Amino acid sequence: NYAGITWSNTGKRKILIGWMSNWLYANLVPTETWRNALTIPRDLKLKHVGNDIFLVSQPVPELSKIQSKPVIVQNIKATNSVDLEKRTGNIKFPCRLNLSLEEIKDFSLIVSNDSGEEIVVGYDKQQNQYFIDRSRSGKTDFQKDFAGRHVAPRLTDKSKMNMTLIIDVSSVELFADDGLTVMTSIFFPSKPFTKIDLKSADGAIIKKLAYSSLNNIWK
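Residue numbers for the sequence shown follow our numbering, so the first one is 1 and each next one is one higher.
Note that these hints are calculated values from the structure, not bench results. Check the hints yourself; a few may be wrong.
No more than 20 Å apart at the CA atoms, straight line, and that leaves these computed lysine to aspartate or glutamate pairs for EDC-like [unchecked claim]: (1) Lys191 with Asp133; (2) Lys208 with Asp133; (3) Lys195 with Asp83; (4) Lys158 with Asp124; (5) Lys45 with Glu62; (6) Lys199 with Asp106; (7) Lys158 with Asp106; (8) Lys207 with Glu103; (9) Lys139 with Asp178; (10) Lys92 with Asp168; (11) Lys199 with Glu85; (12) Lys77 with Asp202; (13) Lys195 with Glu85; (14) Lys199 with Glu102; (15) Lys195 with Asp133; (16) Lys105 with Asp141; (17) Lys199 with Asp141; (18) Lys92 with Glu102; (19) Lys65 with Asp168; (20) Lys158 with Asp83; (21) Lys105 with Asp177; (22) Lys92 with Asp197; (23) Lys105 with Asp133; (24) Lys160 with Glu102; (25) Lys207 with Asp197; (26) Lys195 with Asp114; (27) Lys47 with Asp197; (28) Lys199 with Glu103; (29) Lys158 with Glu102; (30) Lys65 with Asp83; (31) Lys47 with Asp178; (32) Lys47 with Asp157; (33) Lys208 with Asp177; (34) Lys207 with Asp177; (35) Lys77 with Asp106; (36) Lys125 with Asp141; (37) Lys77 with Asp124; (38) Lys105 with Asp202; (39) Lys105 with Asp197.
Fair warning: this is a prediction, and the values are worked out from it, not measured in the lab.
Whenever a hint applies, use it, and build me the whole structure from the sequences.
Right under this line is the structure:
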C-alpha cells in the first residue's frame, strides 16, 4: 500500500521508490514535522517461477556506497535467543542484514529497546509466510488497523532461503528469496531500538549472516 515512482535508465533498468505509508493512516501518524518517508531505491525485474512470472525487487547495488564493511558470521544456531550484537560486535541503525539458510525453518528477528517495545520480522513455515509484527512496536493506537501482524506468502519451493533487511530508526524493508517477496513496515517506538535478537523454536541455522551499518547520504 504505497504509491510508487519508476524511471528508466537508458531503457534497460527499471527502478522503484515508494512512499512508506497507507491511505488508512497516512494523515494520522504520530509525527510532528513530516508525514511520510521513501523506501530505498529498488531494481525491478521479471522472474520465472514454474509457469508463473513475478515482478521482483531488490535494493539497488549503489546502496553499497554508504555501507560499512560487512561483518560476517556463519552457522548461527538459534535454539534460544541469540543477541546479534554479541556476534557482530556492534549494532547501529540504520543497518543492513543479509541472511541465508540452507534448511527452511521457523525463525524470528526481534528488534527492540529496553522499554519492552519491539518489531518482529520472520518466517512461519507452517503457513509458508513471511511476517512483520508491529503490535508492540511503540505508538500504535492512532489508528485501529496499524498494530498487528502482517504477512506475505513465500513464492518459491526452493530448499534454500535468503533474506535482506534494511532496518532504519522507524522502518524495516524485507526482501526475501531474491526479491520475490517484499514487505515494508513503519513503526514509532517511544525511544530508539538498540537490539536485534534471533529466535527459533525449530533450531534454525543461519548459514551466513552479514551485518553492515548504513551512513547518512546527507553531508
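So, going through the hints one by one against the coordinates:
1. Note on Lys191 and Asp133: the hinted pairing holds, with a Cα-Cα distance of about 18 Å set against a maximum of 20 Å.
2. For the hint pairing Lys208 with Asp133, the CA-to-CA distance comes to about 24 Å; that exceeds 20 Å, so the pair is violated.
3. At most 20 Å may separate the alpha-carbon atoms for a hinted pair to count; Lys195 and Asp83 meet this at roughly 8 Å.
4. Between the alpha carbons of Lys158 and Asp124 the distance comes to roughly 15 Å, so the proposed pair stays at or under 20 Å and holds.
5. Pair hint Lys45 plus Glu62 holds up; C-alpha atoms about 16 Å apart against a cutoff of 20 Å.
6. About 9 Å separates the Cα atoms of Lys199 and Asp106, which keeps this hinted pair within 20 Å; it holds.
7. Only pairs whose Cα atoms come within 20 Å are accepted, and Lys158 paired with Asp106 is accepted, the gap being roughly 15 Å.
8. With a CA separation close to 9 Å, the supplied pair Lys207 and Glu103 stays within the 20 Å bound.
9. For a cut-off of 20 Å, the pair hint linking Lys139 to Asp178 is broken: about 32 Å separates their Cα positions.
10. Between the alpha carbons of Lys92 and Asp168 the distance comes to roughly 9 Å, so the proposed pair stays at or under 20 Å and holds.
11. For the given pair, Lys199 sits about 14 Å from Glu85 by alpha-carbon distance, which is consistent with the 20 Å threshold.
12. Between the alpha carbons of Lys77 and Asp202 the distance comes to roughly 10 Å, so the proposed pair stays at or under 20 Å and holds.
13. For a cut-off of 20 Å, the pair hint linking Lys195 to Glu85 stands: about 7 Å separates their Cα positions.
14. Restraint check: the Cα-Cα separation between Lys199 and Glu102 comes to about 17 Å, which is no more than 20 Å; the hinted pair holds.
15. Of the supplied pair hints, the one linking Lys195 and Asp133 holds, its CA atoms being roughly 16 Å apart against a limit of 20 Å.
16. Distance check on the hinted pair: Lys105 and Asp141 sit about 33 Å apart at the alpha-carbon level, beyond 20 Å; violated.
17. About 27 Å separates the Cα atoms of Lys199 and Asp141, which puts this hinted pair outside 20 Å; it is violated.
18. Distance check on the hinted pair: Lys92 and Glu102 sit about 27 Å apart at the alpha-carbon level, beyond 20 Å; violated.
19. Restraint check for Lys65 and Asp168: satisfied, since their Cα atoms lie roughly 17 Å apart, inside the 20 Å limit.
20. Under the criterion of a C-alpha separation no larger than 20 Å, the hint pairing Lys158 with Asp83 is inconsistent with the structure, at around 28 Å.
21. Distance check on the hinted pair: Lys105 and Asp177 sit about 14 Å apart at the alpha-carbon level, within 20 Å; holds.
22. For a cut-off of 20 Å, the pair hint linking Lys92 to Asp197 stands: about 13 Å separates their Cα positions.
23. Of the supplied pair hints, the one linking Lys105 and Asp133 holds, its CA atoms being roughly 18 Å apart against a limit of 20 Å.
24. This hinted pair checks out: Lys160 and Glu102 have alpha carbons roughly 4 Å apart, not beyond 20 Å.
25. Proximity of Lys207 to Asp197 is assessed by CA-CA distance (about 16 Å); at most 20 Å being required, the pair is judged to hold.
26. The suggested pairing of Lys195 with Asp114 holds, with an alpha-carbon distance near 9 Å, which does not exceed 20 Å.
27. Simply put, Lys47 and Asp197 have alpha-carbon atoms about 32 Å apart, too far for the 20 Å limit, and the pair is violated.
28. Restraint check for Lys199 and Glu103: satisfied, since their Cα atoms lie roughly 15 Å apart, inside the 20 Å limit.
29. A distance of roughly 10 Å separates the Cα atoms of Lys158 and Glu102; the hinted pair therefore holds under the 20 Å criterion.
30. Of the supplied pair hints, the one linking Lys65 and Asp83 is violated, its CA atoms being roughly 27 Å apart against a limit of 20 Å.
31. With a CA separation close to 10 Å, the supplied pair Lys47 and Asp178 stays within the 20 Å bound.
32. With a C-alpha separation of about 14 Å, the suggested pair Lys47 and Asp157 falls inside the 20 Å cut-off, and the hint holds.
33. Restraint check: the Cα-Cα separation between Lys208 and Asp177 comes to about 15 Å, which is no more than 20 Å; the hinted pair holds.
34. Taking the CA atoms of Lys207 and Asp177, the gap is about 15 Å. The hint holds against a cut of 20 Å.
35. Of the pairs offered as hints, the one joining Lys77 and Asp106 holds, with about 12 Å between alpha carbons and a cut-off of 20 Å not exceeded.
36. Under the criterion of a C-alpha separation no larger than 20 Å, the hint pairing Lys125 with Asp141 is inconsistent with the structure, at around 30 Å.
37. For a cut-off of 20 Å, the pair hint linking Lys77 to Asp124 stands: about 17 Å separates their Cα positions.
38. The hinted pair formed by Lys105 and Asp202 meets the criterion: a straight-line CA distance of about 6 Å does not exceed 20 Å.
39. For the hint pairing Lys105 with Asp197, the CA-to-CA distance comes to about 16 Å; that is within 20 Å, so the pair holds.
Violation of the numbered hints given earlier is confined to hints 2, 9, 16, 17, 18, 20, 27, 30 and 36; the remaining hints are satisfied by the structure.
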